[in-house]
Amino acid sequence: MAFPLLRMQLSGPVAMRTMEGVVTIVQEGRFQLTDDDGVSHLFLLSHRAAVEPDQLPPLQHHQARVRVHYTPARNLIGFVAHSVERSEMPAA
Amino acid sequence: MDMPARAAEEPQSRLDRMIPNESELTAGVRIEPGKSYGFFTDTTLCIGCKACEVACKEWNNLPADNIGLTGQSYDNTGALSANSWRHVNFIEKAGACGVRDNTQAPFQSGWLMMSDVCKHCHNAPCLEACPTGALFRTEFDTVVVQQDICNGCGYCVPACPFGVVDLSELDGKAHKCTLCYDRLKGGLEPACAKACPTDSIQFGELEDLQERAEKRVAQLHELGAANAYLYGAPGSPGATGDLGHLNAFFLLTDRPETYNLPPAPTRAANRVAPSLGTGLAAMAGLALAAFAILSGRD
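Read top to bottom, the protein sequences are chains Z and E.
Note that the first sequence ends on residue 92 in this note's numbering; no numbers are left out.
Note that the second sequence ends on residue 390 in this note's numbering; no numbers are left out.
I should point out that these hints are in silico values taken from the structure, not numbers from a laboratory.
Just so you know, not all the hints are guaranteed correct.
As the list claims (entries may be wrong) - Simulated DEER-style distance windows between Cβ atoms:
hint, chain 1, residue 1, chain 2, residue 2, range
1, E, Glu-101, Z, Ala-15, 49 to 57 Å
2, E, Glu-303, Z, His-62, 45 to 53 Å
3, Z, Arg-86, E, Gly-246, 47 to 55 Å
4, E, Tyr-166, Z, Val-39, 28 to 36 Å
5, E, Glu-150, Z, His-62, 19 to 27 Å
6, Z, Gln-63, E, Asn-215, 23 to 31 Å
7, Z, His-69, E, Pro-96, 20 to 28 Å
8, Z, Ala-15, E, Val-364, 26 to 34 Å
Treat the numbers as computed from the prediction; the structure is a model and nothing was measured.
By construction, the Cβ of each residue, glycine as well, lies at the ideal position given by its N, Cα and C atoms.
Isolated chain E (complex conformation):
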């Protein structure tokens, strides 16, 4: 990615004021209400430094959780939770070309790293399941929980096909990534994308990101990485089951399950009609059976 044009305007290290539209300097995009914004996470660039996790916790004032060692590689965060809105997966590949092999080609790694986050789905199942309207779509086309409205019913938790939303045991409310809604309103790039040292996490307008991602996939194919593909971009795996597309989408080099992502996520709302039909059919069947049994008596 080229250096944004305005980046040369602010060479000083110390600032005595907020830079207006700072995202133009850091991400090359001006943040304006009414447009769609999201993340493109290129997992081939992730080095597992966890700067995104730290930046997220710092900005959002989230406490460190899961104290201790998980025993799962270098991953001590474990999973996305009410207090961890970014999570870097560390996947040690066993088998062919993995780190557990006795022999390995030079300059090849069996490690897969991916910074996971809320996908801010186009048709967000959590938003559809929320009975209070606490989950809403912002003017930046992202999905946010309003803490003062959330009643902690937890319907959004099973509705999310990615297991992102979590209820806090302490305040009893649902929590997840806000795509730094407060920063977007102030013209700032989200904290995780700004902190990412390799630009594995890229923030921008969705159409630009999707175009950039397609080019990156083509580039990787040319370089010989034929297994690179997009997850969550329109028409790709992840953008299934009426979810539309994902505003936070990924470039992967292995099956989605390897990254703990569902291969074909769906909207929970799609299952309401079949479930209702099945329930009504079962009730009708039971009523018929009862009628047949009772009418056979003298």
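Only chain Z is shown next, with the shape it has when bound in the complex:
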């Protein structure tokens, strides 16, 4: 049973992923991001994120387009957001 642990050690930390969309719901440090396909995803701010929960409601009020760097959360249907930054709408 040592193989999974060995594989995890060899693969290193979980790779960071990126998603873009509009912040549609904010509650405390949790927010919902609706992507360009109209699919909504739930994110929780990481304790290491350079974003405070107070900074999320303005993003929702302005329907701001943001880029989120995230990792999957273990045993949760949601993602851990490590950074949230405003982004531009891609050219059509």
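Given chain Z, put chain E in place with the hints provided.
Leaving out everything else, chain E in the frame of chain Z:
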């Protein structure tokens, strides 16, 4: 419970605006700062549908957790946690009159179901333990964690006699039911109580709820359920150890332990003085012993 008087004023299904003081329609109570509000959970009415759990997660944008099967009856939430602020207990009673019996009287159930939640204690131990003031008492007499102030020290977690408060591993902060503080400020009934299809969870002014609960207990006694009693109402089990009363209280039909509730919860602050006294006495004893040993030497 009778239909609230204002409920007939809004017969349409689609609304183009917020209904002012909507709680008057749904719960028959106007929410005003300065009054005490809470939950009365009548476990005899709970059917275990988990609508309260879902409504809580939907409104508060909480993620589904504990993916997989727990193997504990139909309960896959497991327990209250940083991401589950409502939890429906499924208790299969074994032994006398339980679902495991070979014979059972008709129309009797061995199932006990209870939607558990933060009790919003009158003397809240979590609030007393919080060193940063992140936990505070709101204008509706409820207890809420301010996320921007919480430093994740976790003192509130062992202070809670009900095991409600939990630290999230992801954001490192304490989380628990807010009794839908944002909804109360907007004149809305808490999501769980609004979603409950059997009115097992009732929201309202605390005095009204306590009066309603006493009547319900008397009614159940008349119907032959002599084991019905209140947990957390003033002077009842659960309202012990200087906790005062619980703003979220329950009607139970079995011992509190059956529902995973402590029979006599206490404030952690009550144990500070005895602990300090014991520590000082131990130090004094050790100092005396050291003095006696060292003074006996040549």
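Against the structure, the hints come out as follows:
no., hint, result
1, E:Glu-101 - Z:Ala-15: 49 to 57 Å, "holds, 55 Å"
2, E:Glu-303 - Z:His-62: 45 to 53 Å, "holds, 47 Å"
3, Z:Arg-86 - E:Gly-246: 47 to 55 Å, "violated, 34 Å"
4, E:Tyr-166 - Z:Val-39: 28 to 36 Å, "holds, 30 Å"
5, E:Glu-150 - Z:His-62: 19 to 27 Å, "holds, 24 Å"
6, Z:Gln-63 - E:Asn-215: 23 to 31 Å, "violated, 44 Å"
7, Z:His-69 - E:Pro-96: 20 to 28 Å, "violated, 48 Å"
8, Z:Ala-15 - E:Val-364: 26 to 34 Å, "violated, 48 Å"
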